[in-house]
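K.L.:
Going down the list, the sequences are from chains A and B. Note that this note's numbering has the first sequence beginning at 18, numbered continuously upward. Note that this note's numbering has the second sequence beginning at 18, numbered continuously upward.
These are computed hints drawn from the structure, not numbers from a lab. Treat the hints with care, as some may be off.
[What the hints assert, rightly or not] Using 25 Å as the maximum straight-line C-alpha spacing, the simulated BS3-like pairs for lysine-lysine come out as follows:
(1) B:K102 with B:K70
(2) A:K70 with A:K102
(3) A:K102 with B:K150
(4) A:K151 with B:K70
Given next are the chains, with one letter for each unit.
Protein chains: 2
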Amino acid sequence: MAKPIGGTKTAASIEEKGRGRPIKRVREKTSEPIQTLAEAVAARIREKVISGKLTPGSHLSEIALSEELQVSRNTLREVFRLLTKEGLLRYEANRGVFVATPSMSTIIDIYRIRRFIEIPSLAQAHPRHPAVKKMRASVDAAHRCRDADDWLGVGSADIGFHAAIVELADSPRLAGFYAQVSLELRLVFGLLQDPEFLHAPFIDQNTLIVTQVENGNSAAAAEILEAYLAQAERFILSAYARVASASSRGFE
Amino acid sequence: MAKPIGGTKTAASIEEKGRGRPIKRVREKTSEPIQTLAEAVAARIREKVISGKLTPGSHLSEIALSEELQVSRNTLREVFRLLTKEGLLRYEANRGVFVATPSMSTIIDIYRIRRFIEIPSLAQAHPRHPAVKKMRASVDAAHRCRDADDWLGVGSADIGFHAAIVELADSPRLAGFYAQVSLELRLVFGLLQDPEFLHAPFIDQNTLIVTQVENGNSAAAAEILEAYLAQAERFILSAYARVASASSRGFE
DNA sequence: ATACAAAAATTGTTGAACAGTCTGGACTCG
DNA sequence: CGAGTCCAGACTGTTCAACAATTTTTGTAT
Chain A
18 MAKPIGGTKT AASIEEKGRG RPIKRVREKT SEPIQTLAEA VAARIREKVI SGKLTPGSHL
78 SEIALSEELQ VSRNTLREVF RLLTKEGLLR YEANRGVFVA TPSMSTIIDI YRIRRFIEIP
138 SLAQAHPRHP AVKKMRASVD AAHRCRDADD WLGVGSADIG FHAAIVELAD SPRLAGFYAQ
198 VSLELRLVFG LLQDPEFLHA PFIDQNTLIV TQVENGNSAA AAEILEAYLA QAERFILSAY
258 ARVASASSRG FE
Chain B
18 MAKPIGGTKT AASIEEKGRG RPIKRVREKT SEPIQTLAEA VAARIREKVI SGKLTPGSHL
78 SEIALSEELQ VSRNTLREVF RLLTKEGLLR YEANRGVFVA TPSMSTIIDI YRIRRFIEIP
138 SLAQAHPRHP AVKKMRASVD AAHRCRDADD WLGVGSADIG FHAAIVELAD SPRLAGFYAQ
198 VSLELRLVFG LLQDPEFLHA PFIDQNTLIV TQVENGNSAA AAEILEAYLA QAERFILSAY
258 ARVASASSRG FE
C-alpha cells in the first residue's frame, strides 16, 4: 500500500515559529541514552576504534561496514559525519573515511589542551563540589583494576578521573570538548603497547591529587597535576616515537 | 543497465591496513574549501541561522527544507548531524531538528569559556606571533565597518579578533572548539536587537588590547580583556533578559 | 619496467517506499 | 463544559535500488 508522503507542499513554510508550546520533557543529557540507530552504530564504531579493533589509518568501506553492522549505507554515512566531527575519523573526498592517525603533533596538542583546561579547573576547585566524589570514585576504580591486572580498565578510570577534574569548572561545553579530546587520546593509547608501563605510575599521583582537593588544598593539587601532565606527555611521546620508528623501519 | 554494487563481498575484510601508501596531497585545512554537497548545504544553513533568517526554536522540516535547498532528504540529514554536533541545531527524537535556543545559562557558559580560554591565551602571547597581525587586521576591519554603520560586520570583525587571540595558543583543536562557541554566540547576537549598543563599546577596547600586545605587554592586555569579557557578559545578559521578558509577555 | 587506456570498485547523491511516532481533531462519556 | 479515547494525517527513522562522478586496479602495448 503506497503512502506518498511529501506530496505537494509549497516550499513556503520552511520554518514555523515554535516558541509557543511548552516543552514536554527536557530529557536531561546524562550522556544521552542512544535514541536513534545512528547513535548506536556510532557507539559501536567508537568502541571498535578505541579498543584497537580498527587500527588508525585503515579505510572504512561503506558497503562492507554497512553489511557487517546491518545498517544501510545512508545511516552509516550519518554516523561517519558524527565521528568525523568528533575527530575519530578523517574524511577524504571521493576516497571515503579512514580511522584518524594520531601524530606527534596530535599528542602535543592534546597535552597542551589538557594543561590549559585541567590545571585552572583544578586550581579553582571547591572541596565540596560534586565532581570531587567522582574523582575519588575513579581512583578507587583504578586501584581495583590494577589489582585485577585490567590495564584497559585503568586507562578508562584515568580518563574518568580527569573528566571529573574538568567537571569542576561547571561548563557543559568545556566538558564535552574535553571528552572529545580524551577520545583522541584513547586512540593514541591503543597505538601504544605496554599499558602497564603507561598507566601504573599515575594511579598514585591521582590519589594524591584527589586527597589534596578533599582537604581544600586545591593549589597543591594543581601543582601535582602539572607535574603529572608534563611527565605523562613525555612518557607518551617517547613511547609513540618508539612505535613510529619501529613501524617505519618496515616492521609491519 | 543495472549495476549491482555490493555483490557478494564476504563481510570479512571490513578493514585493511593502510599504512603503506604515501599520501598524495595532505590538503591543508584552511577552513576546508567545501568539497561535498553536504558541506555546502551546511554552510548555507549556518549562514541562515546566524543571519537570523532561521530563528531559534523554529522547526526545520526535512521535506520542506530539502525541497528548498534542492537536495535529497538523506543528504540533508547528514547536514543536520553536522550542525547538531556544532551546537547550532538541536535534535529531538522522532520530532526532528530545531534551531538551538540559547538561554541565560548558554550565555553564562559561553562567557565562562571565553574567560577560560582567551585570558591565558592572551597572557602568554608573544608580540611577534603571526596571530597578532590578524588581531590588528580585525580591529581595522571593525573600525571600517563602524564608519559604514555595518554593525553586522562589526560583529564579525569582533569574533575574528577574539578568534585570533585564541590562535595565540597554537592549538588547532582549541581554535576549532572556540570557533564553535563563537557560532553559538552569534546565534545569541541574532536574538538581540540594537547591535550598535552591543558592539560599539568594545571596538576601542580591542584596539587597546592589540596595541598592548604589539608592545610586548601581554599581561596588561590580558587585564583589559578580562574587564572586557566581564562587561560584555553583563551587557549581553541584560539585553537578553529584556528580550526574553518581552517575548514571554506575549509580545510575539 | 613504464605508460596509458579500459574495466572494476567506491563514493556521492537521489528518489521512493514503508514502519514507527507524534499531533491535533472528532467523538464519546460523564 | 471538560476529560479521556480513538483515529487519521504528517513527519521522522531507516532501508533499498539506482546512477553519476571519481578513484583504483587491471591489462596491454611500448
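K.L.:
Each hint needs a verdict: does it hold in this structure or not?
P.N.:
Here is what the structure says about each hint:
no.	hint	in the structure
1	B:K102 with B:K70	21 Å, holds
2	A:K70 with A:K102	21 Å, holds
3	A:K102 with B:K150	29 Å, violated
4	A:K151 with B:K70	43 Å, violated
Checked against the numbered hints above, the structure violates hints 3 and 4; every other hint is satisfied.
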